[in-house]
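Input sequences plus hints: build the corresponding full structure.
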Amino acid sequence: MITTRQIKQFLQRRFHFDKFKPGQLPIIQAVLQHRDALGVLPTGTGKSLCYQLPGMLMNGLTLIVSPLLSLMNDQVQQLQMLHEKRVVALNSLLSFAEKQTVLRHLEHYRFIFLAPETLTQADVLQRLKKCHIGLFVIDEAHCISQWGPDFRPDYLTLGTIKKQLHPDATLALTATATPVVQKDILQQLQLQHPLCQVTTVDRPNIYLATVHVPNEVTKQQQILKTVEHCQGPGIIYFSSRQKTEEMADWLQQNAHLRTAYYHGELNSNERFLVQEQFRNGEIDVICATSAFGMGINQPNIRFVIHYHMPNDLESYWQEIGRAGRDGKQSIAVLFYSDSDLQLQRLLINNDLPNKAVIELFYKNPQWFSKVNTPEFELLTRYYQQHIPMQQVIKLLQTRSYEKQDSLQKMITFVTTDSCKRAFLLNYFGAQQHIVHTDECCDFTPDPHILQKLGLYITKPKITTVELTPWSTILKQLF
724 MITTRQIKQF LQRRFHFDKF KPGQLPIIQA VLQHRDALGV LPTGTGKSLC YQLPGMLMNG
784 LTLIVSPLLS LMNDQVQQLQ MLHEKRVVAL NSLLSFAEKQ TVLRHLEHYR FIFLAPETLT
844 QADVLQRLKK CHIGLFVIDE AHCISQWGPD FRPDYLTLGT IKKQLHPDAT LALTATATPV
904 VQKDILQQLQ LQHPLCQVTT VDRPNIYLAT VHVPNEVTKQ QQILKTVEHC QGPGIIYFSS
964 RQKTEEMADW LQQNAHLRTA YYHGELNSNE RFLVQEQFRN GEIDVICATS AFGMGINQPN
1024 IRFVIHYHMP NDLESYWQEI GRAGRDGKQS IAVLFYSDSD LQLQRLLINN DLPNKAVIEL
1084 FYKNPQWFSK VNTPEFELLT RYYQQHIPMQ QVIKLLQTRS YEKQDSLQKM ITFVTTDSCK
1144 RAFLLNYFGA QQHIVHTDEC CDFTPDPHIL QKLGLYITKP KITTVELTPW STILKQLF
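According to the numbering used here, the sequence shown holds residues 724 to 1201 in order.
Everything labelled a hint here was simulated from the structure, so no lab data went into it. Careful: at least some of the hints might be erroneous.
The list that follows gives simulated cross-link-like pairs (lysine to any residue, SDA-like), each with its CA atoms no further than 25 angstroms apart [as the list claims (entries may be wrong)]:
hint, residue 1, residue 2
1, 886, 756
2, 852, 818
3, 731, 771
4, 1126, 1139
All values derive from a computational prediction rather than experimental measurement.
Structure below.
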């Protein structure tokens, strides 16, 4: 049995940290003792270490289920920087030949990252069954509850797959999980007598703000004023891909900032280049959809602005959590209008297939073979997994009610006159008393509060050199 002293010595020798962050050590001790665990740790507090360290000490493979390609690649690079070469991401970026090579030599690896869709593939699962799985990790575990019924039916099979793989220990990690979601994660994964390590989700260095605006023109002008006078770099989140491109161009012209846009329609090379330019300080502001999210671990982001309101508090908390990971003062500002609230309600009502659509699809799935929309991709996945139609109808009806309830809580948060930090902590079940101050939450985008926070720039940032657009650089490289 590995002692606490030995674990701390290994932390210093291999990871070059003097001490653990809150919540890390109990999780690591649990999985090293072959005990299942659920870890709910704030963004930027080292969730990855909770499987990286024990994975290096345990016998067998450490299998990490991850929801996004960018997240997998980032984690692979982190381990390689720690001189761990026995690591691979088994995903769609590999060619057929490369995938087969990896599958033939699984015993040569210590860490394997893969998406749940890959894990359910017959050839992958059969090969993994023959291996000794020391640690089975579900990263961003809230996806089991929040994303599973929407876009990732394969997440719903992880509990069954876990039983087939017989890991020594299972670890679920997330930064955002209400008590209800925590319970759902435990049930879905069928964790046995788990350690539940839930630390505070509070990020006291992030100033929280919601600002009501009468129209789009005012919203843009307020955002312009904010980014001109606030220290950067920063992220502006949108729900529209087209709007990310329009605002990136508009801010570059009007604020003289180095900007770029980022959304799901960019190919992997384009995304990689934008991420690298942002990481290297060559971009001041990223205009992005939620695609720029999990796996982005840049410590010096000073502001996160929401141009459009997210559908739920979990998404909001994940996105503002990109700010201030270095522990320094940062701000999160959400601008909204009455029309924004109406739009979100409309989108929620049309977000999931209704009963009539589900029945038609199950009766004649071939009619929809060339329809490429999220709702029919979702139905196709359920159909391929032989989930009965009535079960799908019930599942999606329940999910629709849940999404409407989540949206209403988001609207209440945005419009409340009470302490927003206390509201959020209560929502996530944190047993923590908050003493509200003027530097905690609420905001008007003027120099006064930015000066209080130490984020004010007297003169707007002006780029004096002619910028080469990232898209032009990409063409030159590829």
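Quick rundown of the hints versus the structure:
1. 886 - 756: holds, 19 angstroms
2. 852 - 818: Holds, because 22 angstroms separates the two Cα atoms, which is no more than 25 angstroms.
3. 731 - 771: holds, 16 angstroms
4. 1126 - 1139: holds, 20 angstroms
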